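There are 4 protein chains.
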Amino acid sequence: MKTRIFISEGHLIDSGVMSEILNVILSEGADYKVLSFEIGKVKTEKSKMELLLKCKTAEQLSVVSGRLTALGAYEKGAVEAVFKPAEKNRCVPEDFYSTTNHRSEVFTGGRWVPVGSQRMDGVIVRHGDTLVCTKLRDVKEGDSILCGSESVRVFPPASDTRGSGFGFMSNEVSSERSSSITVQRVAEEFRSIKAKGGKVTVVAGPVVIHTGGGTALAELVRDGWIGGFLGGNAVAVHDLEYCFYGTSLGVDLKTGKQTAGGHYHHMRAINRINYHGSIQGAIDAGDLTSGLMYEIVKAGIPYSLAGSIRDDGPLPETQMDMIKAQAEYAAIVKDSDLILMLSTMLHSIGTGNMTPSWIKTVCIDINPAVVTKFSDRGSGQTVGIVSDVGLFLRALADNLAVKHS
Amino acid sequence: MKTRIFISEGHLIDSGVMSEILNVILSEGADYKVLSFEIGKVKTEKSKMELLLKCKTAEQLSVVSGRLTALGAYEKGAVEAVFKPAEKNRCVPEDFYSTTNHRSEVFTGGRWVPVGSQRMDGVIVRHGDTLVCTKLRDVKEGDSILCGSESVRVFPPASDTRGSGFGFMSNEVSSERSSSITVQRVAEEFRSIKAKGGKVTVVAGPVVIHTGGGTALAELVRDGWIGGFLGGNAVAVHDLEYCFYGTSLGVDLKTGKQTAGGHYHHMRAINRINYHGSIQGAIDAGDLTSGLMYEIVKAGIPYSLAGSIRDDGPLPETQMDMIKAQAEYAAIVKDSDLILMLSTMLHSIGTGNMTPSWIKTVCIDINPAVVTKFSDRGSGQTVGIVSDVGLFLRALADNLAVKHS
Amino acid sequence: MKTRIFISEGHLIDSGVMSEILNVILSEGADYKVLSFEIGKVKTEKSKMELLLKCKTAEQLSVVSGRLTALGAYEKGAVEAVFKPAEKNRCVPEDFYSTTNHRSEVFTGGRWVPVGSQRMDGVIVRHGDTLVCTKLRDVKEGDSILCGSESVRVFPPASDTRGSGFGFMSNEVSSERSSSITVQRVAEEFRSIKAKGGKVTVVAGPVVIHTGGGTALAELVRDGWIGGFLGGNAVAVHDLEYCFYGTSLGVDLKTGKQTAGGHYHHMRAINRINYHGSIQGAIDAGDLTSGLMYEIVKAGIPYSLAGSIRDDGPLPETQMDMIKAQAEYAAIVKDSDLILMLSTMLHSIGTGNMTPSWIKTVCIDINPAVVTKFSDRGSGQTVGIVSDVGLFLRALADNLAVKHS
Amino acid sequence: MKTRIFISEGHLIDSGVMSEILNVILSEGADYKVLSFEIGKVKTEKSKMELLLKCKTAEQLSVVSGRLTALGAYEKGAVEAVFKPAEKNRCVPEDFYSTTNHRSEVFTGGRWVPVGSQRMDGVIVRHGDTLVCTKLRDVKEGDSILCGSESVRVFPPASDTRGSGFGFMSNEVSSERSSSITVQRVAEEFRSIKAKGGKVTVVAGPVVIHTGGGTALAELVRDGWIGGFLGGNAVAVHDLEYCFYGTSLGVDLKTGKQTAGGHYHHMRAINRINYHGSIQGAIDAGDLTSGLMYEIVKAGIPYSLAGSIRDDGPLPETQMDMIKAQAEYAAIVKDSDLILMLSTMLHSIGTGNMTPSWIKTVCIDINPAVVTKFSDRGSGQTVGIVSDVGLFLRALADNLAVKHS
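Protein chains in written order, with the working numbering: chain A, 3 to 407; chain B, 3 to 407; chain C, 3 to 407; chain D, 3 to 407.
So here's chain A without its partners, still in its complex pose (with noise of 0.2 Å):
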């Protein structure tokens, strides 16, 4: 019998963490006794919980500690880290500790030190004094990796602060709900990051552009809603096609019909951009005076258009290259307190990968499998929404404006 004591402590009962940690255990096949329990009796008190882990194998003790630690729960009585050299490039020794996107600390010169750079997936690499979360194609040989999860502590934004994620909505995903509510509260905490001077970042796919979403995105950006802008080459052309044509995909966006064949306005837009060399040039020669990328580029604010396979053109601003793409979408997430993920469920997930559990996340898309696939992901500081996001958007602008004027 191999065993371990775990502590875990916070609002353990009402974030569900507690539910996790015993369901965790029994669903891999070990076994538990809680040695100490203490509840919190009033709302503002937290619990406090000692656990004896009890697995059948070194490798399910190993597996299942990995996973409490990843609910918060932290070993008795710390441990002091172990830190093993990276045998080679982009390879770390097999039992490296694998992060979460949760605020963590690890044990290590006899105290807790905070994790730097936090984000899931990675693997921590102490330089010095200091541990920064990292990426593994970033390892080089000799670095100094942490091994096992035995000297980690994870801080879920659920268990940690009480309340400090959106109370409009629990995790459950339907599209049998009310949009205007919703509409409201985005846009009251769209209100109260402004007044503390915080930043809302914006994931886009083209549907916002087809929907005729893109006026109403270009407003707030217009009215320094916005703070960062992330999305893919569609979402860009399009937003262009429609500035220059009227069109986007060659569907007249004010009757509804489709005018030009297929795409044939969406590469002449591309290719008057490429005349200019860009899109601060079309603007610069009075080629292009409105829109969501007009907005975006006038005001400033810092954006990144990561490519794909399955874009043409591309447009000269759109990253080919994900390792950069990745690092520019890094860039602009760093330190956002809100993401609005609208109808891409690419650029979304990808942002999701690289966001912290802290930041909050609202991701909007008609098709409720996205809604899911993204809230199944995210932490409780992640809202679903399943709605229109051309009317989404629309009616959030006019909520925004009037309160604003």
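Simulated from the structure, these hints should not be mistaken for lab results. There could be a bad hint or two in this list.
Since the list can't tell identical chains apart, any single copy or any two copies may satisfy a pair.
Said to hold, decoys possible - Below are the DSSO-like pairs computed for lysine-lysine, each with C-alpha atoms no more than 27 Å apart in a straight line:
#	residue 1	residue 2
1	Lys326	Lys336
2	Lys259	Lys48
3	Lys90	Lys137
4	Lys50	Lys4
5	Lys78	Lys43
6	Lys58	Lys78
7	Lys35	Lys259
8	Lys326	Lys142
9	Lys50	Lys35
10	Lys78	Lys4
11	Lys198	Lys86
12	Lys137	Lys326
13	Lys137	Lys300
14	Lys4	Lys300
15	Lys4	Lys43
16	Lys45	Lys78
17	Lys48	Lys35
18	Lys58	Lys326
Everything numeric in this text was worked out from a predicted model, so none of it was measured.
Based on the hints, put chains B, C and D in the right spot on chain A.
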């Protein structure tokens, strides 16, 4: 070789009817020869085709002829219709003619006689000089039933009158469209129908209330835009629950939070109507003072709530006998100019089954599968919109209110 | 400040019930104090909590108490139940207790008395010493109705008996799962129920036939795996159409091609049954010799076809009176051990409404929204599977046939 | 009034091409006169139409002409093609001709010259006597670019050769079909291509592995049915994770239970390949001994893994430069006879963009929106199937294995 000569007239090319005729023949494994074809040389001119249908067996001839008839082709040299007596109640001769939902005529007594009460999947019964489309279950022993399709001509709207349908959307069903445009077009259609003294009938499911669309729909009823209402028990109970308790299935529609446990308010609302004996009773007693059902009853527009296997209660107004419910629905559908179907596959298909093809229908649902399913059944008069019904109704009501005032 | 003391016992932590209790209190704006908490120290031990609920108003106390009761908490110091007479038929006192679908007991006459005929959304009527869960519409003037939730305790399966549910799937609904695994688990469940002499009831929609699953389901009936069948008019007519003409809504199930025009074969199938007077009549006459309905009737298992507003025909067997149809369904549901719900939201929810929480249910649909909607209503006994029902049934029948032979 | 005379030849009626021609003209607000029309009198005869297009402006004439050209109509009296030099790299004259994915010819030097490297959204560049379809980004300053559509004729498969496409499914996308039939048809297509020495290319997303379809697909590769493989980083990592640890994103594919925490095994699998330096290295070292990637590498079939913004790792084999990834994909697509697209919108659309219209494609996804989106882009050569990809691949592999042995 069994053959027949068919004539097809109208806007055969642009409506796609002629493609369908040839494809039906080929897909059935039959063959054809075009005997003559006069194409409409300009857009206002109709085309005319005379076609020899060649089949291997009499059975094949009968099947293919039936399908061509449904596409508006008819036998050259009108053949006097054959009527045979029904052997039993609800039972017709094996070779009975099964109706489409298009305007139809039968060649009998030496002339083309129009068919009354047109609907899908009926049989044609002769009563003296008149022909009536009749549901199978209403056939009585000895009724005179039209057999074979040789003496029938039908008039699908597509080839009958060009452009009578909605110009604003093709058959494509997509969530990647601008709903703002469709809101405008539907609003224009409403105004145009009102100006002509016509009638808009609404078919609504409970999601209308859950998504907060009930208030907007109630405004439309109050302002005189709606002339008939079709639904089930649930949409009415949810509306009443909202008016009495502010919730829909226990979810507070102002805050989006679950308040009452499960169905508690739902059952209380039914109980409260039962106390008054009827919705009208609750209004008379001053207990019900707002909402969708309130406006419907107050406006005195005809409505029917069709029961189903999943109903709680039901309300006194809910018709639990489906034979009677279908009769109530049919009476309201009859003189409609436009039917707006909102988030209910069950009641929409029920309504569609009894609706002649010349009545325009608009189907709005957030689930593309529902919209596609409905559009597949419909004629060119059907428009499918994938959107958030709560936001859609709010935008529609706002559009009509502004123009109205 | 209005207060009450509640006791909650069972597997409170791992079932998540305790989280739910605290969250209900907080989301209603009420407050609590944990008076005592004994945690189950090992996995077989139950936990026990005593909790002081603190509310601002009597109204809030009543609402929150009702919700806690539904989660299995009960008033400390059993309070004698209050029964009040129904003022009118179908109308109960305003503060009536609305039932859940969990096993329940009421403290009356100084002891905990179990409630019979448990179902969702009923009221509890006292007849002498017995308590019967009764549909609102069956309440008669003067019936003795349980009011308030103070004297009720319910036993949600989750906290009642650990692990009695399906171990094989969590509540997550996802199309990104291996259906091969779920086929195996469902097959194991079938075998285990058969071994115990239990009953599997199937609820099936017309898509079962369209997708070619009818043959597989007929095999399951023939081989004795199914003990009850619930459906509507459409599933039966499609099956009969297939048996008579090889098509389903005119589509040849062997080739996938549209053969007959629209609903022609569909109406002919109904007419043919009408000729014989019943499905049994068609079998006796040697006209119907295979298929799902054939096997069901031949096996003599109980079945019910509930009518709906969208029915053609209907068949003589279809029950068009929804009050009677619900009674027929309830009789078949009653002694089921497992209910398999196949591609029909309407009949699945109808069935779910009358199913006690201790009966296991498996819901299979290709549309995740249907599966999610159903799972949201269900208890831990409900498993949702997003898959292709035709392929699923084929794989299930093959699995059971192999092991069977 | 600006006019042009167009000729259209082929199976104009049954293909629906002629309807499309007239509808394009009318929807653009232009007008027409049919100058002559000879209908194909029997099914093997082609039709021929001469049509006067009447436009209000030169701009309209140019737009409508371009759309008619895409439908296979061409200018009467061949007009010598106009080529203009590209002003800059990646930038062509404003009136450039944007290609379709259909076989094309250009009238230049007094004769119809075929275009090489046909793909969608390219431009046509003249190099001496040859014409090459070229991506905009590959255009160099001074390249000779085809302008206008007057000298182009394209050959859409639908009107080019009757029945060359799949006969088994119309354009309709529906989950209400029998997948057993489509499995058989796809299997027949596989056998027919193998018999002719042709090539089937597979495009696969990670859901193939999650749903347990990886094993079936690996069998198809092993047995020589597959000639090319296109995917992304995720499908390969999930497959490797399954082969190394039995899980896919931590879910045990044998039991369906979550075992390892989150992405832990996922990152370990990448790390393990990084250790060996490549998948080939892991095979050589005897560490990787089964699975999809194993069979692909062992069989030596060409494959490409295109990176994306959401990739973890990535694997050494994943191409993170999208320009290079598109080139790799195009090389594999080039000589394919059939492309099977499995549960990945991103890579399927990427592949579709570079696929000429004469290559057959089959798209399988459980989400109807994906299938519809893809079918909308495709020609008549595209078949969309809504099904469970895991069960579908299992049934396909079983079908081919039986017949194979």
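Hints and how they fare:
1. Lys326 with Lys336: The answer is within: 15 Å in one copy meets 27 Å, while 29 Å across copies does not.
2. Lys259 with Lys48: between (59 Å within a copy, 25 Å between copies)
3. Lys90 with Lys137: within (14 Å within a copy, 39 Å between copies)
4. Lys50 with Lys4: within (23 Å within a copy, 29 Å between copies)
5. Lys78 with Lys43: Result: close both inside a copy and across copies, 23 Å intra and 18 Å inter.
6. Lys58 with Lys78: Close inside one copy (20 Å), not across copies (41 Å); limit 27 Å.
7. Lys35 with Lys259: between (67 Å within a copy, 23 Å between copies)
8. Lys326 with Lys142: Result: close both inside a copy and across copies, 18 Å intra and 26 Å inter.
9. Lys50 with Lys35: both (14 Å within a copy, 16 Å between copies)
10. Lys78 with Lys4: within (15 Å within a copy, 41 Å between copies)
11. Lys198 with Lys86: neither (42 Å within a copy, 56 Å between copies)
12. Lys137 with Lys326: Both, since 13 Å and 23 Å are each at most 27 Å.
13. Lys137 with Lys300: Cα proximity of Lys137 and Lys300: none, with 33 Å in one copy and 30 Å across.
14. Lys4 with Lys300: neither (62 Å within a copy, 41 Å between copies)
15. Lys4 with Lys43: between (33 Å within a copy, 18 Å between copies)
16. Lys45 with Lys78: Both, since 25 Å and 21 Å are each at most 27 Å.
17. Lys48 with Lys35: both (21 Å within a copy, 13 Å between copies)
18. Lys58 with Lys326: neither (45 Å within a copy, 49 Å between copies)
Of the numbered hints given earlier, the model fails hints 11, 13, 14, 18; all others are met.
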